[in-house]
Amino acid sequence: MATVFTGTDVGAAMWRVALALVESKDRFNKLDAAGGDGDMGTTLATVSQALLADNSLYSDDVGESLMRIAKTIARTSGSSLSAVVMTGLITLGKTWAAKHEVAWIEMAPALSNALETMQARSKARLGDKTVLDGIARVARNIEGISTAEKMSVTAQQAAADALAEFRRCPAIVGRLRLEPSKGVGTDDPGMVAFYVTVLAMTGSLSRRAVDGSYK
Amino acid sequence: MARGFENTAVALVRWIRTETIEWQSEDMKKLINSPEKYVDEALAGMSLAHQGAYKISGSNGRVVERAKKKPRGKVGVVSGGGFGHLPLFAGYVGEGLLDACAVGHVFAGPSYDDISESLKAGDQGGGVLSVIANYGGDTMVFGMVNDMLTAEGKDCATVIVADDIASADTHRAETRRGVAGIIFAFKVAGAAAEKGLSLSEVKAVTEKAMAGCRSIGVALSACTVPQAGQPTFELEDDAIEMGMGIHGEKGLWRGALKPADEIASEMVERLLDDLKPVGGTKVAVLVNSLGATPLEELYILYRKVAHLLEAEGLKIAYSLAGEYATSMEMAGASVSVMRVDDELLGLLNAPAQCPLWRA
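Listed in order, the protein sequences are those of chains A and B.
Count along the first sequence from 1, then add 42; that gives the number in our numbering.
Count along the second sequence from 1, then add 16; that gives the number in our numbering.
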């Protein structure tokens, strides 16, 4: 059972996530068009293509690998979701700077810490039905888990549960804040992107998850 | 044989024509080469058309700075935002206005790197003021860059413009979107910086201007983002939407088109209800085209707006009418009213050298 991960593992996970986000472009654009300007899929695909274009190997340094991803986002996108993700990656990168191995059990506290910086940057509150609610649920549910296998199953379930719970909630931030009730019954695009990210990261992405028929 | 070659050549030409314009559709008929090149080719043309005014720089080619050397020690005034709103944002780089501007994709904010490079381009040693509109991506990424540069020892400050009264009520005024009123912020900040004021003074006078600035828009038709290839929203031929944002964000109501005077009356009433100026107050007024609405119609609106403001006992001390903050080919207009005192009036009337600034 794997109890640690390296910077190379981060690179491999990034590769799977980027491929999944490129493949989900049209779906995310459609989701975003319901309450935003309909370009979230294009933005995520642009960033992902830039990540995929840089195909040199990631080093074992976990912090360096995370910073490398953040720098590519910094070069390619200025969206609010990108800013939130970049903030989280930088925080995690600083936490694990110069570490060649990180124990999985460190993931929950590090993710909670990153979540705080993302909240501070975005000024979104937990419960506002944003990507932060998905991250918060995962951070909470993986507490105390020390193996990759259990982490994978738990994180997937937590991201799915957060989506299901918030589907019935109104949208508080973004364009839909002007008529929050319109958000009831729909998924927040950022939360869906996070769900797809978790599935891809853990190597469990299926066709059903990419095209949205998982509901 | 010759006929066969001819047929092949004709087919090839047809294929090439189809290929090169396959992004065109009933919803999009634009003079462009490809959606992907829209921003970069427009910036290149802007720089060529106004020689000696704009310099395109930055690692992504998305920083517009003054072509002429800027005086050392002056506060740098920088902005940035999505493309598709010209002359806003990049068009206002020039003496007495902005020093540099970061340019994003159409209706999408500039990247961290573009913003960082634009702030560095605008820095002349007197500190840098970012004047930005209140959109999530822009405020977050400008915030990150400012934090990073501050940590490196640079003097940075930010003014966030939130003037669109249709986007939130007065209790949540800080969440409002930034729209055409930002033009006044650029003019005030640019003139104050040119005058030699310090960073904190430039920031304070710009904040004073924006505290008394309110805007509202009305949309008559949508625009099409080249990469999306379809209108940003659906609006019936005979309908308008009061309060719609410059990216097609939802407004206050949608209904039948009314005479210009009725529309102007509602806009002014809403603006004054929010601003609450006392009689005798001096104001600056901007009647702005969202892109497709011609100057003639703006003047028809302006005429009524001016009558209504004067009827309320307000004194129009500064006025603009024209294309200042657009949404590509969207039809419609916005009205901005800003409370002014002698200091603000002096800064609004100060000289500005910029090809796209029309006072």
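One thing to keep in mind: the hints can contain errors.
Taking lysine to any residue and the SDA-like style, the derived pairs with C-alpha atoms no more than 25 Å apart in a straight line are [said to hold, decoys possible]:
#, chain 1, residue 1, chain 2, residue 2
1, B, K53, A, K136
2, A, K113, B, G77
3, A, K136, B, R286
4, A, K67, B, R270
5, B, K266, A, K113
6, B, K53, A, K165
7, B, K86, B, K53
8, A, K67, B, K53
9, A, K67, B, N49
10, A, K165, B, A220
11, B, K331, B, Y315
12, B, K320, B, R270
13, A, K113, B, I48
14, B, K53, A, K141
15, A, K113, B, D56
16, B, K45, A, A75
17, A, K141, B, K84
18, B, K320, B, L288
19, B, K170, B, K292
20, B, K53, A, T84
21, A, K165, B, D56
22, B, K53, A, V195
23, A, K67, B, K170
Simulated from the structure, these hints should not be mistaken for lab results.
Verification of the supplied hints:
1. K53(B) to K136(A): Violated, at about 37 Å.
2. K113(A) to G77(B): holds (17 Å)
3. K136(A) to R286(B): violated (49 Å)
4. K67(A) to R270(B): Violated, because 31 Å separates the two Cα atoms, which is more than 25 Å.
5. K266(B) to K113(A): violated (34 Å)
6. K53(B) to K165(A): violated (34 Å)
7. K86(B) to K53(B): violated (30 Å)
8. K67(A) to K53(B): Distance ~20 Å between K67(A) and K53(B) Cα, so the pair holds.
9. K67(A) to N49(B): Answer holds: K67(A) to N49(B) is near 23 Å, not above 25 Å.
10. K165(A) to A220(B): holds (24 Å)
11. K331(B) to Y315(B): holds (18 Å)
12. K320(B) to R270(B): holds (22 Å)
13. K113(A) to I48(B): violated (31 Å)
14. K53(B) to K141(A): Answer violated: K53(B) to K141(A) is near 41 Å, above 25 Å.
15. K113(A) to D56(B): holds (22 Å)
16. K45(B) to A75(A): holds (21 Å)
17. K141(A) to K84(B): violated (47 Å)
18. K320(B) to L288(B): holds (14 Å)
19. K170(B) to K292(B): violated (38 Å)
20. K53(B) to T84(A): Given pair K53(B), T84(A) holds - Cα atoms ~15 Å apart, limit 25 Å.
21. K165(A) to D56(B): violated (32 Å)
22. K53(B) to V195(A): Given that 25 Å is the threshold and the Cα spacing comes to 43 Å, the pair is violated.
23. K67(A) to K170(B): violated (39 Å)
Of the hints listed earlier, those the structure fails to meet are numbers 1, 3, 4, 5, 6, 7, 13, 14, 17, 19, 21, 22, 23, in rising order.
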